[in-house]
Structure formats: structure tokens, C-alpha cells
Amino acid sequence: DVKVTQSSRYLVKRTGEKVFLECVQDMDHENMFWYRQDPGLGLRLIYFSYDVKMKEKGDIPEGYSVSREKKERFSLILESASTNQTSMYLCASAGGYYGYTFGSGTRLTVV
Amino acid sequence: QKEVEQDPGPLSVPEGAIVSLNCTYSNSAFQYFMWYRQYSRKGPELLMYTYSSGNKEDGRFTAQVDKSSKYISLFIRDSQPSDSATYLCAMTILTGGGNKLTFGTGTQLKVEL
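Chains R and F, in that order, are what the protein sequence lines are.
1 is the number of the first residue of the first sequence in my numbering; add one for each residue after it.
1 is the number of the first residue of the second sequence in my numbering; add one for each residue after it.
The hints are simulated quantities; they were obtained by calculation from the structure and are not laboratory data.
Model, not experiment: these values are computed from the prediction.
The C-beta atom is built at its ideal place from N, Cα and C for all residues, glycine as well.
Be aware that a few hints might be false.
Unchecked claim - For lysine to aspartate or glutamate, the following EDC-like pairs were computed, each having C-alpha atoms within a straight-line distance of at most 16 angstroms:
#1 K42(F) <-> E72(R)
#2 K2(F) <-> E72(R)
#3 K55(R) <-> E72(R)
Unchecked claim - Label pairs and their calculated CB-CB ranges:
#4 N22(F) <-> G63(R): 18 to 28 angstroms
#5 R9(R) <-> S12(F): 25 to 35 angstroms
#6 G63(R) <-> S12(F): 14 to 24 angstroms
#7 L46(F) <-> D51(R): 18 to 28 angstroms
#8 S80(R) <-> Q80(F): 39 to 49 angstroms
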């Protein structure tokens with residue numbers, strides 16, 4: 001089975017900090033995604049990548065950036081964390097049209 | 001208007017009931033449809049996928065797609081307490097790259113003993 005691993009389950013950061021969320025997948029998938037999930041708003045796409053060093057903005061990229069230096073690793077960066085970025089962050093990978101495989105999520109709290 | 005609409009629930013049913021979960025969508029270009037299940041404090045997991053109108057069965061689960069009405073459903077037969085979770089519909093356009101999914105907001109289901 002494909003495994004998508006997110007480095008942290010829970011994080012607490014201070015306003016203004018630079019935050020790195022790491023995601024690693026083990027099935028050589030080309031496509032990787034970062035979503036945030038909020039009650040009532042569902043899953044919203046932040047950024048995605050369809051190849052190494054390639055990235056595309058999703059629906060809500062403001063305040064975020066990403067890095068994909070290796071195929072298996074896709075990092076989400078919060079340049080200067082703010083309280084409205086408190087959320088559940090989900091990473092996913094996909095190798096075709098058979099749906100995504102998600103990680104377990106990182107619950108980030110910005111205080 | 002959102003591209004994909006899904007009733008958030010919560011939906012509470014007794015064990016053994018038949019559950020119907022539904023999504024409507026506005027973009028007729030969507031071709032590929034999926035249902036995900038998400039347990040509390042976990043990431044979503046793929047339950048079923050289909051790209052044609054009609055029904056697809058997998059055990060106690062049936063996915064139904066009606067492209068003419070832009071309506072998809074997930075039926076759960078003989079529901080169990082272990083089915084208690086949030087169910088998300090998702091859909092995509094087959095463009096050959098990127099494979100972006102558009103998700104519904106999810107329906108919270110509770111199956112009670």
C-alpha cells in the first residue's frame with residue numbers, strides 16, 4: 001500500500017514564525033498536494049506539484065509556499081504564521097486517476 | 001455557488017439501516033467520481049471510484065452516478081457502528097496532468113447501536 005507520511009501530527013507555533021510541514025510518499029507518485037481542512041469549508045487546495053521542482057497554485061495559496069526538490073518529498077512552508085492559518089493540513093499523493101492517498105494530517109495551532 | 005454541494009449532516013441512523021449520502025455538482029465536465037471516508041483525527045481514505053453513469057458495488061457499499069442530473073450517491077447497506085465517519089465526495093476532469101480533485105464538504109455519519 002502507498003504510504004504518505006506527514007512529519008508531525010500536532011504543532012503549536014507562534015504568530016510570525018516560519019513553519020515547515022513535511023510530507024513523504026513511498027510509491028514514486030508524480031502528483032502531490034497540500035490541502036487544509038476547516039469545519040464547514042471542507043478541503044481546500046493550497047498547492048500541488050506534478051513533477052520535481054514543479055508547483056502550481058491551488059485555490060488558497062496566499063501566505064504559503066512549497067518546495068519539491070525530490071520526487072518523494074513535498075514541503076509546505078508558512079512564511080510568517082498567522083492565527084487564521086490554524087487548521088488541519090493534509091498532504092496527498094496520486095499516481096493516476098485512482099484517487100489520492102492522504103497522510104494522517106498535521107493539526108497546526110498558531111497562537 | 002460551490003462546484004460541489006454536500007449536506008454536512010450530522011446524519012444519525014440505527015445499526016442495520018440503509019444509509020444514503022449524496023452530492024450534487026454544477027460542472028458538467030466532471031468525469032471521474034470518488035467517495036472518501038474520514039475517521040476522526042485521520043486523513044481521508046478512498047472508498048470507491050467510478051467514471052460512468054450507473055451503479056458500482058463493493059460489498060456493503062454502492063456508488064451511483066447520474067450525470068444527466070449531476071448527482072452522485074453512496075449507499076451503505078447494513079450499516080455498522082464502524083461506519084461512523086465523515087464521508088466526502090470528490091470529482092475531477094480527466095485532463096492528463098495534475099489530477100486535481102474537487103471535494104464536497106463532507107457528511108458526518110453516526111451509526112448507533
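So, going through the hints one by one against the coordinates:
no. : hint                                  : result
1   : K42(F) <-> E72(R)                     : violated (21 angstroms)
2   : K2(F) <-> E72(R)                      : violated (32 angstroms)
3   : K55(R) <-> E72(R)                     : holds (14 angstroms)
4   : N22(F) <-> G63(R): 18 to 28 angstroms : violated (34 angstroms)
5   : R9(R) <-> S12(F): 25 to 35 angstroms  : holds (28 angstroms)
6   : G63(R) <-> S12(F): 14 to 24 angstroms : violated (37 angstroms)
7   : L46(F) <-> D51(R): 18 to 28 angstroms : holds (23 angstroms)
8   : S80(R) <-> Q80(F): 39 to 49 angstroms : holds (46 angstroms)
Hint check: violations occur at hints 1, 2, 4, 6; the rest are consistent with the structure.
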